[in-house]
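These protein sequence lines are chains A and B, in that order. Under this note's numbering, the first sequence has 413 at position 413, and the numbering climbs by one with no breaks. Each number in this note's numbering comes from the position in the second sequence (counting from 1) with 499 added on.
These are calculated hints, taken from the structure and not from any lab test. These numbers were taken from a predicted model, which means no experiment stands behind them. A portion of the hints provided could be inaccurate.
30 Å max Cα-Cα, derived DSS-like pairs, lysine-lysine [unchecked claim]: (1) Lys402/A / Lys611/B; (2) Lys674/B / Lys689/B; (3) Lys822/B / Lys738/B; (4) Lys1046/B / Lys483/A; (5) Lys924/B / Lys888/B; (6) Lys166/A / Lys395/A; (7) Lys183/A / Lys822/B; (8) Lys183/A / Lys689/B; (9) Lys1046/B / Lys493/A; (10) Lys200/A / Lys111/A; (11) Lys738/B / Lys183/A; (12) Lys681/B / Lys183/A.
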Amino acid sequence: AAPVQVQLVVPVAVVFSRGSVPGDLPSPLPFRDAQEMEISVNLRTSVTSRYEMAYRATTAQEEAALAAATAREADAALHPLQDVSMGSLTMYVVPETSSLLPQGTSVYVGKHRSALVRAGGSLAALHTRLRQVTQVMSFTATSIAAALSDRVPDGRLSPDARRSLKSSLGYEITFSLLNPDPKSHTVDWDIEGAVNSYVKPVLDKLSLVANFSVDSQILYYAILGVTPRYDKESSSFLLSAHSLPHVINPVEARLGSSAASLYPVLNFLLYVPERSHSPLYIQDKDGAPVSTNAFHSPRWGGIMVYNVEAPASPQASLPLHVDVDMARVMEVFLAQLRLLFGLSREELPPEFLLESPGNEGLADWELDHLLWAHTVENIATVSTTLTSLAQLLDKIGNIVIKDDVASEVYRAVASVQSAVAKLSMGHLHSAFQASKEAVTSSERAFFDPSLLHLLYFPDDQKFAIYIPLFLPMAVPILLSLAKIVRETRQRKKEPTKMD
Amino acid sequence: PGRAGAGRERRDALREELLLSPLPTGDVAATFQFRTRWDADLQRGAVSHYRLFPKALGRLVAALGVRELHLTLTQGFWRTRFWGQPPLQAPAGAELWVWFQPTVTDVDKAWKELSNILSGIFCASLNFIDSTNTVIPTASFKPLGLANGTDHHLLRYAVLPREVVCTENLTPWKKLLPCGSKAGLAVLLKAERLFHSSYHSQAVHIRPVCRDASCVAVSWELRQTLTVVFDVFSSGQGKKDWSLFKMFSRTLTDACPLASQSKVYVDISPKNKEKELLEVTPPPTSVHEAVVQGDKKTYAVYDLLSPSLFNTSRSLNVQLKWKRPQDSSEMPIPVLHAQRYVGGYGLQTGEICTLIYNTHPYRAFPVILLETVPWYLRLYVHTLTIITKGKENKPSYIHYQPAQDRRRPHLLEMLIQLPANSVTKITIQFERALLKWTEYPPDPNHGFYVGSSVLSALVPSVIAMKDVDVEQSPLFTSLFPSSDGSSYFVRLYTEPLLVNLPTPDFSMPYNVICLTCTVVAVCYGSFYNLLTRTFHVEEPSRGGLAKRLANVIRKLRGVPLL
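So here's chain A without its partners, still in its complex pose (with noise of 0.2 Å):
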């Protein structure tokens, strides 16, 4: 893969409140320093993010802000008084006592871009704190490594790190119902209302991102690649971890293509087993069921079966009405969108403390958390793509570069040069911006259709046509350098005879 050097800055302010200041701080109060950390990947790409530490004491009102009950309180009264542009961060620091944070967490992160830290003992302690803090609220080494995943040599990334979407312009979001049994069940849903409600707001936060469309269909008669099995104890029918991966192929051929737009597809499909297959249950590796009973797979989507209560009756007569209870079936799918998107919650330490967004969905800094690492990894791919081009050209020498293809290339260049400046001072927001039009100017470059390469003639078979031309006067040539070493030969032995 091409070369790729980014240096990614993260701005960091550190507030000391009152009576937190540690004893051994290498200078008075306000003053900066920087930490640097090596992030590798292979041996042309490199990341190297800097930590850029802003320390200074608290103002009297960032001190009334803390002084709240809880630490939402104090989170929710802190925001207005901070640096609120994306990638940057505020860490107040609190006393090691401080009564504000529950007892055994020592970090809170707030719903924006900030976080409460205690003290810890020493400098070294609340350092060591401070790096996981504004680790977990920008990018780590594995974030990182999973938006450069192309480049990472294989099985030195964790299965988990593969699982998040590529970064692209726009993604499409369809909702799938799917009855396989439309004759004893009539299944409605309220999608409009549900989308409207839960992922509406996750997506108007996302839209900074990308472009998001979202639709729905129902689908009869599609039906789960596996005949699940029955068990007989509980009386329902199970689908076993290793039989999920052949569920998706013949429903996704009916789910139908975006024929309308390029962008990415995440599907989430709701499924209501048939009849005589229900109640279904999916278990785990363990043979346990799975409590959602849903899945997801991996830069694909989710599914999720939803069983249909037994009627009380045997008798009730056929088809059976079932609406479906939305909250439950969007709590699971919105799981599934975090998770595809890389905003997984799971890897903490347990003395940390994340506010829930709230309605929102998203927390401002896992916004930012998904900037970084797009923009890193659209910085590799617009490099990836012009080096590939590059590689073209200079395989067909004859080829034919239009103008307007060329400007697109430099344009990307440019954009991609302005990216990781802009990094490299910290603006993350004007940096994704930046790589979101290398991106498409680069790939607007790369699918010329002009730069088709089946369009030019490969040299070999201009020489195999003129074959009949080479070949009769290769002979007469052939004959006589025949003779010239025949002749040579001669010369040599001839001496020898004279004697």
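Dock chain B against chain A, hints included.
Relative to chain A, chain B alone:
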């Protein structure tokens, strides 16, 4: 109605219908129609939650500003002269005509994009539609649905006569049906049987229609139709009897559970006033009488949603038996039919002849003829002659758009008055153009297709027609708008033409290269020898093998040795 309305009010409905009509020649035509009607305005863009209407097509209509879309894929040719007026005829190959919304600014771009997307959806080569085969007819194709204006610049029409239709086109078509091919009438759609037939035509029609009688709101209608003609006479040992199982090798077991109507119609109209000539089993649920295309027809109706139908047997296998062999000599000839062929000889010029028959005994009527001819046949408009009953017939309207080489085809539209009981012969001469060698398709000696010409006419009816409620009448009667009781609309397609163009010998360039190269190489070889050889007189020696051989022969012949 009935089953679908269990929960909250449904805004979409599906009707399915199968029409079986024995044709005069002994073949049987089966026409499937699936109509999905959706009381929502697709154009607003706000609609994105689909139930019965297929999402792929709905998004297409919304994204590209389509007002009306008609796509047909056809294999074979409907022989109007022998089979009678079809419910829905289509030209051989692929035909696509689309009306766009007035809000679409760049119609050509939308048309290009649309044909590419449709080609992906239906696995057809519609992506070959470009400016060289697209025309803008001015009179022949009017919107079939609700339309505010008929500015024909929003219309595009293209035919690909070379397109071969097969199972790969049928599968995506079936996938658009809400029940797929799992339930209802669609279980009969078995590709193996459908393509073992004389004529196969599948179509998708999307149009906006009035939601109710007051016509304040718009509903969108998707009609998927499939017509197939089986030659039961030759496959049934000379008998004209048939059954569903014989034709489709399947029987019907239920209606599609999503359909609000599911019916099978069998045409049992008595011919020549002899009643009781044929017998259908099982007994139909009801009998429907209607005037269809100027003919009084009687249909036996099987309502798959009526519970009594599957009481006696689990499956429905409609059978038809002829009580006595009828004489096929008295075939009813349709009022309007046409024929087309290429005349002339040689590879330079030719002539396209179209014969239009009006067999109505006493009524004359006008017909609009649409001809699209590819640019490589250069039409001479001054040679256009229209002759009826030996006299010249002047068309009352002519629209001619000459072709431009490699850019657009010829378009000729004429309104011709057909006198009663007459044959009209239209001829026009053309010259064949020479193509560049890269412009020839694979297998150029097969010839080049010229798409069918289109005849649109309001044919006067012999029998007065009643105005019927469109929602109640069978689907096959309700695609074309009926103007009044005295005439009915007919659209006919003639045969596609196959024209031979002068075709070069494609191996010639290589032959020339080979020959020239050999000549050059021989010249080079001798010249090279001349330059590099040193000539000197050699003493005659005992010689090599050649000389010894020569001496042996000389000895045998008794000639002095060398």
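Evaluation of the provided hints:
no.: 1; hint: Lys402/A / Lys611/B; verdict: holds (23 Å)
no.: 2; hint: Lys674/B / Lys689/B; verdict: holds (13 Å)
no.: 3; hint: Lys822/B / Lys738/B; verdict: holds (11 Å)
no.: 4; hint: Lys1046/B / Lys483/A; verdict: holds (22 Å)
no.: 5; hint: Lys924/B / Lys888/B; verdict: holds (9 Å)
no.: 6; hint: Lys166/A / Lys395/A; verdict: holds (29 Å)
no.: 7; hint: Lys183/A / Lys822/B; verdict: violated (40 Å)
no.: 8; hint: Lys183/A / Lys689/B; verdict: holds (22 Å)
no.: 9; hint: Lys1046/B / Lys493/A; verdict: holds (27 Å)
no.: 10; hint: Lys200/A / Lys111/A; verdict: holds (18 Å)
no.: 11; hint: Lys738/B / Lys183/A; verdict: violated (39 Å)
no.: 12; hint: Lys681/B / Lys183/A; verdict: holds (12 Å)
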